[in-house]
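Trainee: I would like the entire structure built from these sequences, with the hints used as guidance.
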Amino acid sequence: MSTSLRTITRRQVLAGSAVSAAALASGFPAPAIANSDPIKIGYLPALTGPSSSTGVGINRGTELAVEEINAAGGIDGRRIELIVRDTQSDPTKAVNAVAELTQRQKVAIIFGPLNSGEALAATPLIARDKVPMIHPCWVDQLIDVKKYPMAFRNAPTNQQIGGAANQYVIDVLKLKKVAVVSDTTGYGTASVDAYVPMLTAKGAEVVFSGHIDAANPDLKPDMLRMRSAGADVIMPWSVNAGFLARILNTRGAMGWEVPVVGQTTLGSGQTKALLEKPEHWNKVYSNNFRNVCFSKDGKLPARAQEFVERLRKAKLDMGDTLLWWIALGYDAPRLMAETIKAAGSSPEQITGYWNKLKAWPGVYGDITFTPELHNGFQDDQVIMCEVNSLRDGAFNLAPGYGA
Amino acid sequence: MIESIVSYGLAVGAVYAMIGITYNVMFSASRVFSFTSGMLGMLGGVLGALFITKFGLPVVVGLVLVLACGVPIGVITEIVTVRPVLKSLEQHLYVLSTLAFALMVQQLVAIEWGTDAQPFPRLIPIGPGWLDQQFWLPMLACAATIVGLEFLYRRTLVGRAFVAIAEDNYAARALGLPEQGLRVASFALAGIIGMLAGFTGAEMLLAFFGNQSILNFYGFIPVALGGMGSNRGAVFGGLALGLFQQAANFLLGGIFAAVAVFVVFIAILLVRPEGLAGVSTTRRV
Numbered sequence: 001m002s003t004s005l006r007t008i009t010r011r012q013v014l015a016g017s018a019v020s021a022a023a024l025a026s027g028f029p030a031p032a033i034a035n036s037d038p039i040k041i042g043y044l045p046a047l048t049g050p051s052s053s054t055g056v057g058i059n060r061g062t063e064l065a066v067e068e069i070n071a072a073g074g075i076d077g078r079r080i081e082l083i084v085r086d087t088q089s090d091p092t093k094a095v096n097a098v099a100e101l102t103q104r105q106k107v108a109i110i111f112g113p114l115n116s117g118e119a120l121a122a123t124p125l126i127a128r129d130k131v132p133m134i135h136p137c138w139v140d141q142l143i144d145v146k147k148y149p150m151a152f153r154n155a156p157t158n159q160q161i162g163g164a165a166n167q168y169v170i171d172v173l174k175l176k177k178v179a180v181v182s183d184t185t186g187y188g189t190a191s192v193d194a195y196v197p198m199l200t201a202k203g204a205e206v207v208f209s210g211h212i213d214a215a216n217p218d219l220k221p222d223m224l225r226m227r228s229a230g231a232d233v234i235m236p237w238s239v240n241a242g243f244l245a246r247i248l249n250t251r252g253a254m255g256w257e258v259p260v261v262g263q264t265t266l267g268s269g270q271t272k273a274l275l276e277k278p279e280h281w282n283k284v285y286s287n288n289f290r291n292v293c294f295s296k297d298g299k300l301p302a303r304a305q306e307f308v309e310r311l312r313k314a315k316l317d318m319g320d321t322l323l324w325w326i327a328l329g330y331d332a333p334r335l336m337a338e339t340i341k342a343a344g345s346s347p348e349q350i351t352g353y354w355n356k357l358k359a360w361p362g363v364y365g366d367i368t369f370t371p372e373l374h375n376g377f378q379d380d381q382v383i384m385c386e387v388n389s390l391r392d393g394a395f396n397l398a399p400g401y402g403a
Numbered sequence: 001m002i003e004s005i006v007s008y009g010l011a012v013g014a015v016y017a018m019i020g021i022t023y024n025v026m027f028s029a030s031r032v033f034s035f036t037s038g039m040l041g042m043l044g045g046v047l048g049a050l051f052i053t054k055f056g057l058p059v060v061v062g063l064v065l066v067l068a069c070g071v072p073i074g075v076i077t078e079i080v081t082v083r084p085v086l087k088s089l090e091q092h093l094y095v096l097s098t099l100a101f102a103l104m105v106q107q108l109v110a111i112e113w114g115t116d117a118q119p120f121p122r123l124i125p126i127g128p129g130w131l132d133q134q135f136w137l138p139m140l141a142c143a144a145t146i147v148g149l150e151f152l153y154r155r156t157l158v159g160r161a162f163v164a165i166a167e168d169n170y171a172a173r174a175l176g177l178p179e180q181g182l183r184v185a186s187f188a189l190a191g192i193i194g195m196l197a198g199f200t201g202a203e204m205l206l207a208f209f210g211n212q213s214i215l216n217f218y219g220f221i222p223v224a225l226g227g228m229g230s231n232r233g234a235v236f237g238g239l240a241l242g243l244f245q246q247a248a249n250f251l252l253g254g255i256f257a258a259v260a261v262f263v264v265f266i267a268i269l270l271v272r273p274e275g276l277a278g279v280s281t282t283r284r285v
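These protein sequence lines are chains Z and Y, in that order.
Numbering (the working numbering) for the first sequence: 1 to 403.
Numbering (the working numbering) for the second sequence: 1 to 285.
Keep in mind that a hint or two might mislead.
[Stated by the list, open to error] Which stretches of chain Z does chain Y cover? Using the computed rule of at least three CB atoms under 8 Å from a CB of chain Y, they are: (1) 293-306; (2) 346-354; (3) 365-372.
[Said to hold, decoys possible] A short list of chain Z residues far from chain Y (calculated; beta carbon distances all over 12 Å): (4) 36; (5) 60; (6) 89; (7) 99; (8) 139; (9) 171; (10) 197; (11) 207; (12) 239.
By construction, these hints were calculated from the structure, which means they are not laboratory data.
Virtual Cβ for every residue (Gly too), placed ideally from N, Cα, C.
Mentor: Right, here's the structure in full:
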């Protein structure tokens with residue numbers, strides 16, 4: 001009897017507490033004084049170190065967006081305070097910065113890390129500390145709604161990048177005999193392993209696939225093998241500008257006019273600088289994004305055009321970087337501000353809002369999330385561009401796409 | 001195919017041979033295998049591109065400056081990484097000290113120069129094809145190096161002093177030869193040769209911080225094949241390595257070419273541990 005009485009008493013106490021808590025949460029009005037503390041947003045760009053060119057470009061857009069939001073009065077009168085920690089392209093530094101941002105600074109959201117290597121190290125820790133995060137890294141495993149329910153991506157995945165290149169080769173260029181090559185890095189080998197089955201499933205014949213030592217100065221033997229296998233397109237997967245430039249230079253020296261279709265580094269300034277002749281960049285198509293490319297008539301889409309004019313007004317330099325980097329950086333703080341304004345700044349409110357986000361109109365691309373899918377970028381926004389058409393940080397759509 | 005194997009193979013082999021000679025010149029004077037050889041090769045390319053492309057200096061001035069930079073770097077290597085560990089050679093601490101110094105310099109280059117490969121200017125506009133300067137320039141430099149060293153070691157008093165130190169350190173010192181001075185001079189000379197290798201091979205290998213480890217590895221193979229301390233052996237080993245590597249590239253392709261090189265290298269050392277051109281020595285007990 002006494003036992004049951006004690007049990008009942010405990011239950012009553014617990015139930016009573018719950019009722020009291022609910023009454024406190026809902027019954028009493030909030031204090032009339034408006035909260036004017038700034039809203040802290042953690043930001044983990046790589047501004048220095050070997051992989052920093054992307055971070056430097058993205059950062060221009062991020063800073064501009066935060067300035068604009070604060071100049072317009074912030075979020076209901078509260079300023080955005082961007083707490084920037086340069087990861088220096090180093091996963092260890094990113095991990096240390098996460099601990100500071102989540103535990104000491106108590107940020108509402110984290111934007112970044114901006115490089116996959118750092119994001120792979122940082123994402124589990126941000127998830128453990130239950131802070132919502134949004135990042136633009138392409139590695140597929142970085143988004144997993146079960147393991148990281150508060151992690152979202154506002155950029156394409158590697159699957160989408162490879163898928164767009166494959167789609168361009170097979171459906172637009174109508175080429176069927178493909179050579180797929182990579183360097184011996186983890187990214188390169190994983191890409192070949194992932195994209196070859198995708199190509200085969202789409203009906204292409206992969207006549208050559210292999211990994212090449214990027215340190216090898218002479219790629220002619222491998223290129224001859226590709227040619228004798230009957231390849232009518234080469235798809236190299238590497239972020240090594242030296243390796244890619246050697247492929248293009250060897251193609252030029254062999255007088256082989258085969259198209260080269262692949263990753264964004266094909267169109268980078270580093271690759272261009274290593275070309276023996278400018279014409280070696282002809283018939284080279286790299287991944288890019290529909291919203292920030294010039295169409296056939298030489299015009300950017302309206303949203304991007306308006307953005308470029310705003311950049312010019314802000315005297316932001318576009319000549320040494322890429323428009324899609326700046327646009328991506330510009331979109332993230334705007335999405336965060338809109339989310340906090342509409343839903344609130346608690347992790348659950350932010351995640352709940354993002355889980356229902358539909359076609360949010362970014363300059364870089366429209367973003368849609370669902371509770372099951374936190375990869376926000378849409379397949380049809382990833383396209384290929386002509387690498388030798390770069391002007392003002394943007395490229396022409398590759399031939400074959402509609403206007 | 002044959003044309004490509006010969007032209008590329010001999011050119012890249014000449015670079016490996018010169019890096020092998022760099023190892024040898026430092027080894028002869030100190031009995032130390034200095035893993036700064038690849039670093040010197042890497043710096044030859046990077047500094048060449050810096051002086052000629054970035055600073056816009058004439059090619060000859062650029063070359064002279066690059067070679068001149070090899071002197072202090074060689075001397076610093078000797079003072080910082082070799083001299084302190086000479087007393088305990090049997091502990092092989094030089095592996096750590098020279099490698100650590102080379103890695104430090106490489107990281108510095110990565111930070112200041114960048115981690116992407118950068119172009120090296122075309123010095124003499126002949127080509128394309130096998131007449132291209134990127135093929136014959138390393139071969140010419142290799143030939144000049146071996147002829148110059150043979151002349152130095154056989155025809156000059158200083159050169160004979162180098163040989164004396166290499167043959168018997170104690171006896172040479174007993175004769176009054178300035179052992180330390182000659183060692184420093186050897187490291188300075190190695191600095192020049194390593195820089196020349198990197199400079200002349202840079203159009204093929206590009207100005208790239210990552211060349212250091214490649215040159216350290218592939219430059220060591222000619223020394224092991226040709227016999228430690230033998231410059232002629234290094235040239236023979238380097239050219240053979242270049243030709244074999246390029247042939248494997250054509251016949252096997254991709255990453256298997258590198259595997260083939262190491263399989264043959266290990267097989268040769270199993271059969272002849274003293275190297276193909278080396279002389280086996282009996283050890284007195």
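Trainee: Decide, hint by hint, whether the structure agrees.
Mentor: Cross-check of the supplied hints:
1. For the stretch 293-306 of chain Z, the stated coverage by chain Y is violated: 0 residues have a C-beta nearer than 8 Å to a C-beta of that chain, whereas at least 3 were required.
2. Chain Y is given as covering the stretch 346-354 of chain Z, and this is violated because 0 residues of the stretch bring a CB closer than 8 Å to a CB of that chain, at least three being needed.
3. Proximity of the stretch 365-372 of chain Z to chain Y, defined as three or more residues with a beta carbon under 8 Å from a beta carbon of that chain, is not established by the 0 residues found.
4. At roughly 42 Å, the least C-beta separation between residue 36 of chain Z and chain Y is larger than 12 Å, which holds for a residue marked as non-interface.
5. Against the 12 Å criterion, residue 60 of chain Z stays outside the reach of chain Y, whose nearest CB is about 20 Å from its own CB.
6. The non-interface label for residue 89 of chain Z is inconsistent with chain Y: the shortest C-beta to C-beta separation is roughly 9 Å, within 12 Å.
7. Non-interface call for residue 99 of chain Z relative to chain Y: holds, since the shortest CB-CB distance, roughly 26 Å, exceeds 12 Å.
8. Interface exclusion of residue 139 of chain Z from chain Y stands, the closest Cβ pair being 20 Å apart, more than 12 Å.
9. Its beta-carbon lying about 29 Å from the closest one in chain Y, residue 171 of chain Z satisfies the requirement of being farther than 12 Å from that chain.
10. Distance check for residue 197 of chain Z against chain Y: the nearest CB is about 20 Å away, which clears 12 Å, and the non-interface claim stands.
11. Interface exclusion of residue 207 of chain Z from chain Y stands, the closest Cβ pair being 14 Å apart, more than 12 Å.
12. Under the 12 Å C-beta cut-off, the non-interface status given to residue 239 of chain Z relative to chain Y is violated; the minimum distance is some 10 Å.
Violated hints for the displayed structure, listed by number in ascending order: 1, 2, 3, 6 and 12.
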